[in-house]
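Novice: Spelled out from the first residue to the last, the chains are:
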Amino acid sequence: MGVFKRLLVVFLSILLFSVSAFTAKTEINYMAWYNTTESEAADIQKTLDKYNSSQDNVEVKLITVSRADYETKLNTMAAANQLPDCCMMAEPMAIRYAAAGILADVSDMYTAKEAPLKSLAFTYKGKIVGYSCADEVLVIYYNKKLFDAAKVAYPPARADKAWTWKQFVAAARKLTKDKNGKTPNDPGFDPQNIVTYGADFNRLGWMWPVLAVSAGGGIMTPDGKKLLLDTPQTIDALQKIADLYLKDKVAPSVGEKGNMPSLDVSLLTGRVAMATSGQWEIGVSLKNSLKDGLVYGVGVLPKIKKAVTYNTGGPFVVFNSSKNQAAAKDFVKWMSDESQPGSWGLITGGIWMPVHMTYYANDSIIRKWADNPIHPPYAEYKTAVVDYAMHNAVQVPWYYFPSYDELDTLINSGIDQVWNGKLTAKEYITSIMPQVQKLFDEKKPQ
Amino acid sequence: MKTRTQIDTRTAYIFLAPAILGLIFLTIIPIFGVVIISLTKWTGLEKPIFIGFKNYINLFTSDFYFFHSVVATLYFAVGAVVTGLIYSLSMSLLLNQRIAGLGLWRSIFFIPYIVPIIGSSIVWSWMYESNFGIFNWFLSFLGVNKIQWLQDERFAVPSLILMTVWGSGNLIVIFLAGLQGVPKTYLEAVEIDGGNSWHKFRHIIVPMLTPVIFYNFLMSLIVNLQCFAPVYTLTKGEPNDSTLFMAFLMYREGFIHNNFGHASAISVVFFIFIIILTAILFATSRYWIFYEGK
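Here the protein sequences line up with chains H and G, keeping their order. Going by the numbering used here, the residue at position 95 of the first sequence is 95; the numbering climbs one at a time, nothing skipped. Going by the numbering used here, the residue at position 81 of the second sequence is 527; the numbering climbs one at a time, nothing skipped.
For reference, chain H alone in the conformation it holds in the complex (with noise of 0.2 angstroms):
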């Protein structure tokens, strides 16, 4: 072959090659987690060729991890500079990956008129590096039968009518019945054999401390700056909720709670009367039981001085070490929108609560997206969660606490004591206090 023709064939070689790689899409991973089945992951990659086919510059590539594995599958491919591009992000794990610089700052990521709820910003001085993909709040639900039967009034839908703490206890020893039928308040109550509870009130790590921050305690301080888990608010919300089942008899122990079903069941079987947990139950789980014939309501969390909630959702976020952050900061936008339909249907289904003000600026609005079969009565919904949700809530402390899961699991190690009454919330938060002191102090943005 001459050498002309061999000089055209690289020419035309490298003009193929320059124009398919500028025709080709820019390629991003994005991570997320099924929680149940892998077949929830299929429909997430559904949601991605919606994404992909909607636009012809950047390809998502997904990577599903079942979300008992999430945190140990990130922090190893974290370990080894394999991080994709962007992901959903568990809650505990955010400050922390933004402490260790591993994590974008987003704030440029949305105008200021389009940007999500403040409430929803993992904040790492100064900077955000994510948003919650949901709007989740804590609420309580109720059986309105078991209610009814009692001639008990239901738990109140407005946050400037929540039950106080007394109010609560009461209602729920009226619905507390043993298997002769009998109440905590009646002679001869058997409280080793409870059919029904009156009141579980949620005694997972991050969600019981709403009672204190409820008193003017908490875990911490809004700023992440001082501890407030000796306080006497504090301890008297623990001592408080423990004593649902040590004293009240009106709550499972630990172990009886560990056993009981999921909550629509737990409701529709009456093994509990009201119970505390997130809004996302409404679509996870209470749905599934609405064929059955639970009859439900939502109602705002007891209080002990202000009434408060807590509000919290996993964020996307994108990577440092993205080589296409702005592709990834484009897709985590397009994802964080209510309109597309993976969104949208989690949204109607009842499992996430919007992100943007847009969608809330008022009643029409509220009503697309909460006003259907599967969401409690509309008025009680819109009051007991979504005015509570934009008026009473605050930040779990992972939105800007490094390893606030570390904190987490170190105040929580031991709480059965406090549960199974070995011993009082005081003794057990004095034996706490250093190690948690010292922890808090290491981990604390300096």
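These are computed hints drawn from the structure, not numbers from a lab. Each residue gets a CB set at the ideal place from its N, CA and C atoms; glycine is no exception. Treat the hints with caution; some may be incorrect.
What the hints assert, rightly or not - Far from chain G, some chain H residues (derived; all Cβ distances over 12 angstroms):
1) Lys73
2) Trp165
3) Gln435
What the hints assert, rightly or not - Just the calculated beta-carbon pair ranges, DEER-fashion:
4) H:Thr424 / G:Ile726: 40 to 48 angstroms
5) G:Pro604 / H:Thr424: 23 to 31 angstroms
6) H:Ala80 / G:Ile470: 18 to 26 angstroms
7) G:Val569 / H:Gly349: 28 to 36 angstroms
8) G:Ile495 / H:Ile365: 46 to 54 angstroms
9) G:Pro604 / H:Asp441: 22 to 30 angstroms
10) H:Lys25 / G:Ile470: 40 to 48 angstroms
11) G:Pro562 / H:Thr358: 44 to 52 angstroms
12) G:Ile720 / H:Lys305: 52 to 60 angstroms
Using the hints provided, position chain G relative to the given structure of chain H.
Specialist: Below, chain G without anything else, positioned relative to chain H:
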């Protein structure tokens, strides 16, 4: 020209090479790696920082979980080993009899050993379930109050021990093999002297089996000290850290809390701890192991 010996030696090294390479890259190098990481503060998210022996000092002076975890691990391991040995020796004696379907019976008792641990853990969790599980059904049948098997710190470790003992089919097989090595003439001699089954067991079978008992004890101890899968599947260290065994503590510190340096220090200390226990076992073995040749 190579001699026959040289050719054989070279051939031996070629065949040994995969195993040696595996040992080097999958065992020896990782062990050195863990020791080096234990001398650093490393979250996995940033570069490691050399801190010398600080992780070890913190472990013994201020770690909230370490000593509790050692006690919990020893409680479980000793319980599982002793109960497992008694169970497997008893079963092997029974399975050494001439009964119909002996092969089937031996298979039935061996199967638990080969069932995947995660799957069997989930089934055990159903059996331990306090409202609908079979164990509490049986207790209620006897008129006894139900037990929170995995939620009560008094019962969580014994529950895991029971699960572990159920899976000790490998020990039964090894004991069975050992029983085949007991000379029948010795057993006949006991009969001639007027002895019964207990005398045979006490004076012939047990002494003859002591090397096998030693092997099973040692292997079982090492395996059970490193118990991880049942804790990861069923209890996550709960309730009240009663099942916070060393292996799970290491995993949690490293892969959940991003304290790889601290987790590696726990791993090294645990490794030395197992070596010491093994050395004690070997040192005391000459006082109670009977070797027929001696």
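Novice: Next step is simple, just say for each hint if it's right about the structure.
Specialist: We went through each hint and held it up to the structure:
The beta carbon of lysine 73 of chain H sits about 9 angstroms from the closest Cβ of chain G, which is not more than 12 angstroms, so the claim that it is off the interface is violated. With a minimum CB-CB distance of about 26 angstroms to chain G, tryptophan 165 of chain H clears the 12 angstroms threshold, and the non-interface call stands. The non-interface label for glutamine 435 of chain H is inconsistent with chain G: the shortest C-beta to C-beta separation is roughly 5 angstroms, within 12 angstroms. Between threonine 424 of chain H and isoleucine 726 of chain G the C-beta distance comes to about 42 angstroms, which sits within the given range of 40 to 48 angstroms.
For the hinted restraint 23 to 31 angstroms between proline 604 of chain G and threonine 424 of chain H, the CB-CB distance of approximately 28 angstroms keeps it satisfied. At about 21 angstroms, the beta-carbon gap between alanine 80 of chain H and isoleucine 470 of chain G stays in the expected band of 18 to 26 angstroms. Between valine 569 of chain G and glycine 349 of chain H the beta carbon distance is about 32 angstroms. The supplied range of 28 to 36 angstroms therefore holds. Hint check: isoleucine 495 of chain G to isoleucine 365 of chain H, Cβ distance near 51 angstroms, so the stated range 46 to 54 angstroms holds.
Taking the beta carbon of each, proline 604 of chain G and aspartate 441 of chain H are about 39 angstroms apart, not inside 22 to 30 angstroms as hinted. Between lysine 25 of chain H and isoleucine 470 of chain G the C-beta distance comes to about 43 angstroms, which sits within the given range of 40 to 48 angstroms. Roughly 50 angstroms separates the CB atoms of proline 562 of chain G and threonine 358 of chain H, a value that falls within the hinted 44 to 52 angstroms. In this structure, isoleucine 720 of chain G and lysine 305 of chain H meet the distance hint of 52 to 60 angstroms, their C-beta atoms being roughly 53 angstroms apart.
Of the numbered hints given earlier, the model fails hints 1, 3 and 9; all others are met.
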